[in-house]
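Asker: For the sequence shown, the residue numbers in the working numbering are 1 to 267.
Hints were generated in silico from the structure; no laboratory data involved. It is possible that some hints are incorrect.
[To be verified] List time: in silico EDC-like cross-link candidates among lysine to aspartate or glutamate, alpha-carbon distance up to 16 Å:
(1) K167 - E71
(2) K67 - D155
(3) K33 - E51
(4) K167 - E51
(5) K67 - D159
[What the hints assert, rightly or not] The following label-pair restraints were derived from C-beta to C-beta distances:
(6) G66 - S25: 14 to 24 Å
(7) V185 - P94: 19 to 29 Å
(8) D111 - R50: 13 to 23 Å
(9) R186 - T70: 35 to 45 Å
(10) H46 - L164: 32 to 42 Å
(11) H27 - D111: 18 to 28 Å
Glycine included, every Cβ here is placed at the ideal spot set by N, Cα and C.
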Amino acid sequence: MCLARLAIVTTLVLLVSRVLFAASSVHIPYVSKPPRLSNFQDMRPHGVARELQRISGFTQQQPSDGKPATEPTDIYVGYDRVNLYVVWVCWDSPRMVRAHLTRREAVTPPDDDYVELTIDTFHDQRHGFLFDVNPLGMQADALWSEGSGPDYSFDTVWDSRGRLTAKGYIVWMAVPFRSLRFRGVRGELWGVTFMRYIAHNDEIDYWPYVSSRVSGTLNQEGTLNGFTDISPSHNMQFIPYVSFQNFRALDTRDPSQPRMDQINARG
1 MCLARLAIVT TLVLLVSRVL FAASSVHIPY VSKPPRLSNF QDMRPHGVAR ELQRISGFTQ
61 QQPSDGKPAT EPTDIYVGYD RVNLYVVWVC WDSPRMVRAH LTRREAVTPP DDDYVELTID
121 TFHDQRHGFL FDVNPLGMQA DALWSEGSGP DYSFDTVWDS RGRLTAKGYI VWMAVPFRSL
181 RFRGVRGELW GVTFMRYIAH NDEIDYWPYV SSRVSGTLNQ EGTLNGFTDI SPSHNMQFIP
241 YVSFQNFRAL DTRDPSQPRM DQINARG
């Protein structure tokens, strides 16, 4: 009798695991030509953007862990032989969106809205590439290590653009495959998380759901599948920078703020 119950419980756990995996797994489509920000003039995809895969259904991590996001977010993903494309459609009242123009990876005001893509290209749930963009297209990037967080001394080549709209804002990202490290085998899986920070609510939303009650981030990631005919570069593309050795400033930022305001000043 006990063995029968154990078998039933094991079967249910496996079924639930498969359902959760399927719900957080996305088949990424190959696009015939690069999508542009102009393909989303009314916050809806037009033209080639209709070839992209839509992702929605974000869940709060903060302040109400596990509850639906207070503002809708739609993600559109696709790729070609050169780039990974991610378009964020962030719905909100335009008067509530907060954004500032800064230098690339300058210290970003902690009250800015922003979006964050993290991709675990080796699907090992330990390391990833992190890309942040605010509503005006200002960008930052980092290497993410589970257990130690982001390293913003990393700089690679990628493109981002942003636009405020009457219904919120749109962010466009193009990440060249030559700027990443990955296996380059047919049918490989990449881990992924999409995060949006809503400044006026001090709210962090994720797809898939990343709970603050579970230790770790990448162990809660979703997956991107469907990549074919892409190859990693043997020479990653980096942006040279100069550190301001003599810079002195009083850091009055709230250490509890999320990652975007942890960026170090660099030129």
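Asker: Could you run down the list of hints and mark each one as holding or not?
Answerer: To see whether the hints hold, each was checked on the structure:
Only pairs whose Cα atoms come within 16 Å are accepted, and K167 paired with E71 is accepted, the gap being roughly 11 Å. For the hint linking K67 to D155, the alpha-carbon distance of about 34 Å lies beyond 16 Å, and the restraint is violated. Distance check on the hinted pair: K33 and E51 sit about 10 Å apart at the alpha-carbon level, within 16 Å; holds. The hinted pair formed by K167 and E51 fails the criterion: a straight-line CA distance of about 23 Å is larger than 16 Å.
Pair hint K67 plus D159 does not hold up; C-alpha atoms about 32 Å apart against a cutoff of 16 Å. Separation of G66 from S25 is about 21 Å and conforms to the stated range, judged on CB atoms against 14 to 24 Å. Distance hint for V185 and P94: a CB-CB separation of about 44 Å, inconsistent with the stated range 19 to 29 Å. The hinted window of 13 to 23 Å between D111 and R50 is violated, with their beta carbons roughly 35 Å apart.
Our hint of 35 to 45 Å for R186 and T70 holds, since their Cβ atoms are close to 40 Å apart. The hinted window of 32 to 42 Å between H46 and L164 is violated, with their beta carbons roughly 19 Å apart. Distance hint check: the CB atoms of H27 and D111 are about 37 Å apart, inconsistent with the given range 18 to 28 Å.
Violated hints for the displayed structure, listed by number in ascending order: 2, 4, 5, 7, 8, 10 and 11.
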